[in-house]
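Chemist: Throw the hints in and build the complete structure from the sequences for me.
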Amino acid sequence: MDFLVAYGIPLAIIVAQSLALIVAILLVTAYVLLADRKIWAAVQLRRGPNVVGAFGLLQSFADLLKFVFKEIVIPAGANKGVFLLAPLVTVTLALAGWAVIPLDAKMVISDINVGILYIFAISSLSVYGVIMAGWASNSKYPFLSALRAAAQMVSYEVSIGFVIVCVLLTAGTLNLSQIVESQRTVWYIIPHLPMAAIFFISALAETNRPPFDLVEAESELVAGFMVEYSSTSYMMFMLGEYVAILLMCAMTTILFLGGWLPPFDIAPFNWIPGVVWFLIKVFAVFFLFAMVKAFVPRYRYDQLMRLGWKVFLPFSLFWVVLTSGVLVGFDLLPNN
Amino acid sequence: MIATAIAFYLFAAITVAAGFMVIAARNPVHSVLFLILAFFNAAALFVLLGAEFLALILVIVYVGAVAVLFLFVVMMLDVDFAELRQGFLQYLPVGALVGIILLIELVLVFGSWVIAPEAAGIAAAPAPAITEVHNTRALGQIVYTQYVYLFQAAGMILLIAMIGAIVLTLRHKPNVKRQVIRNQVGRKREDAIEMKKVEPGQGL
Chain A
1 MDFLVAYGIP
11 LAIIVAQSLA
21 LIVAILLVTA
31 YVLLADRKIW
41 AAVQLRRGPN
51 VVGAFGLLQS
61 FADLLKFVFK
71 EIVIPAGANK
81 GVFLLAPLVT
91 VTLALAGWAV
101 IPLDAKMVIS
111 DINVGILYIF
121 AISSLSVYGV
131 IMAGWASNSK
141 YPFLSALRAA
151 AQMVSYEVSI
161 GFVIVCVLLT
171 AGTLNLSQIV
181 ESQRTVWYII
191 PHLPMAAIFF
201 ISALAETNRP
211 PFDLVEAESE
221 LVAGFMVEYS
231 STSYMMFMLG
241 EYVAILLMCA
251 MTTILFLGGW
261 LPPFDIAPFN
271 WIPGVVWFLI
281 KVFAVFFLFA
291 MVKAFVPRYR
301 YDQLMRLGWK
311 VFLPFSLFWV
321 VLTSGVLVGF
331 DLLPNN
Chain B
1 MIATAIAFYL
11 FAAITVAAGF
21 MVIAARNPVH
31 SVLFLILAFF
41 NAAALFVLLG
51 AEFLALILVI
61 VYVGAVAVLF
71 LFVVMMLDVD
81 FAELRQGFLQ
91 YLPVGALVGI
101 ILLIELVLVF
111 GSWVIAPEAA
121 GIAAAPAPAI
131 TEVHNTRALG
141 QIVYTQYVYL
151 FQAAGMILLI
161 AMIGAIVLTL
171 RHKPNVKRQV
181 IRNQVGRKRE
191 DAIEMKKVEP
201 GQGL
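Chain order of the listed sequences is A and B. So in this note's numbering, spot 116 of the first sequence is number 116, and the numbers just go up one at a time. So in this note's numbering, spot 187 of the second sequence is number 187, and the numbers just go up one at a time.
Derived from the structure by calculation, the hints contain no laboratory data. It is possible that part of the hints are untrue.
Claimed, not checked - Restricting the straight-line Cα-Cα distance to at most 25 Å, the calculated cross-link-like pairs of lysine-lysine (PhoX-like) are:
#, chain 1, residue 1, chain 2, residue 2
1, A, 310, B, 188
2, B, 177, A, 310
3, A, 310, B, 173
4, A, 293, A, 310
Small disclaimer: the values here were computed from a predicted structure and weren't measured.
Modeler: Structural data, given as structure tokens:
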């Protein structure tokens, strides 16, 4: 009985919180997907989805039903277990990252000490979904795509790591809530503007968004690692991709745009609850993601690698040295 | 702490089972995937110890980078499974011999292991409680303050190893077309486009 009280009730609370968060994320993802298509359409002077529901607002749900009711086709030569595991890995990892994201002060499922490392670890694992899918499909295009994905995602993680180090040095903590709190005086996008740009571009590469969608470049690889996937398994890849994109938007918000903090801590701004500010910032970053997709042409693969290793890596390394030098030289080190 | 004990046995059992499957799985890609599972559960064991920094570094470095490259290489191997299964009995005596020698050596090493007399004193020295000092900070103090020269030396050795690997594998073949970024970026409109006025019916 004591055991049930000691562990059962906290467990039930955690499960309820996680479910609520997952449902909220999936709903937001449905509309973010629609927004992505609408923005893309608007740039190309089209209307985008506008048939299902008013202004096409129910389009994502119609797509969901369509995917779920189709048949899953598994190729004869596929490695069945790994083939079915890959979409699950993608979705699970994308959703798992949200466990440590603070939506507002105290509004976080798990406020762990090393939250930022956790996010970094989760995002570095997302490459497995792609590699496993590409290998298990036992087909040429998916395999080429998997090889590209492995190289691309590992390369851009390195510069993301150094960007995170810069923010950590300035904030003096690895806890995401404390990183946000330390931006009360100034958002880190102001002192770390080049790093914010590098983080944004690396996030595009890390989530395989255009212009770095070499992994699923339709003119070269049809649909890359997703060629052999159909119905629900394909939908899970799409879902995982968009949830990962939202996670990256949330990370940009937390690291550089002050998370849930209002832009100015004065009367009209601090009446609005923090979670609203957080969502506004996340959607603003997502708008940038969507605009980049709409009007930047795709990179060539060697240029992608050059950008990651020869431009971003040396520059972010230099910025780490500069940041630590300035912090030590002007005695600005956060002493907590 | 029943929950901790249950969690420990769960993670430990999965680690051992996954470790066994690494050598038992026929398909090398499955072996690497089981290796990743083993890494993951080892990281979970670190979390149970209260060493969350080490746990996440294990995941980032081993699962996020090393295992990806490992998988990358193994995926590209063209493995013939029928051939792999052949000759198991033929190689068994040699394999068993190597295994037994290694086992004997390990037993000899651990049998003659003596704990240094100072070690007890170091262990008894007052260490700050795990709740007072974050293990990130504690590790930082040990690696970057206390043993900074050794750490730098290790870094130097790794750098030299990296440069060595690059030097050994870097070959500039002649007759291979390469992208010269400088020329590509430096290209101007005048170099690429020539405007001609074409009279009707005459052509160029």
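Chemist: Take a quick look at whether residue 177 of chain B and residue 310 of chain A sit within 25 Å of each other, Cα to Cα.
Modeler: Roughly 20 Å between the alpha carbons, so the hint for residue 177 of chain B and residue 310 of chain A holds.
Chemist: Is it true that the CA of residue 310 of chain A sits at most 25 Å from the CA of residue 188 of chain B?
Modeler: Holds, at about 23 Å.
Chemist: Verify the proposed pairing of residue 310 of chain A with residue 173 of chain B, using a straight-line Cα cut of 25 Å.
Modeler: The given pair, whose Cα atoms are some 22 Å apart, holds under the 25 Å limit.
Chemist: Has the given pair, residue 293 of chain A with residue 310 of chain A, been kept, meaning a C-alpha gap of at most 25 Å?
Modeler: The hint holds at about 24 Å.
In this structure, every one of the numbered hints holds.
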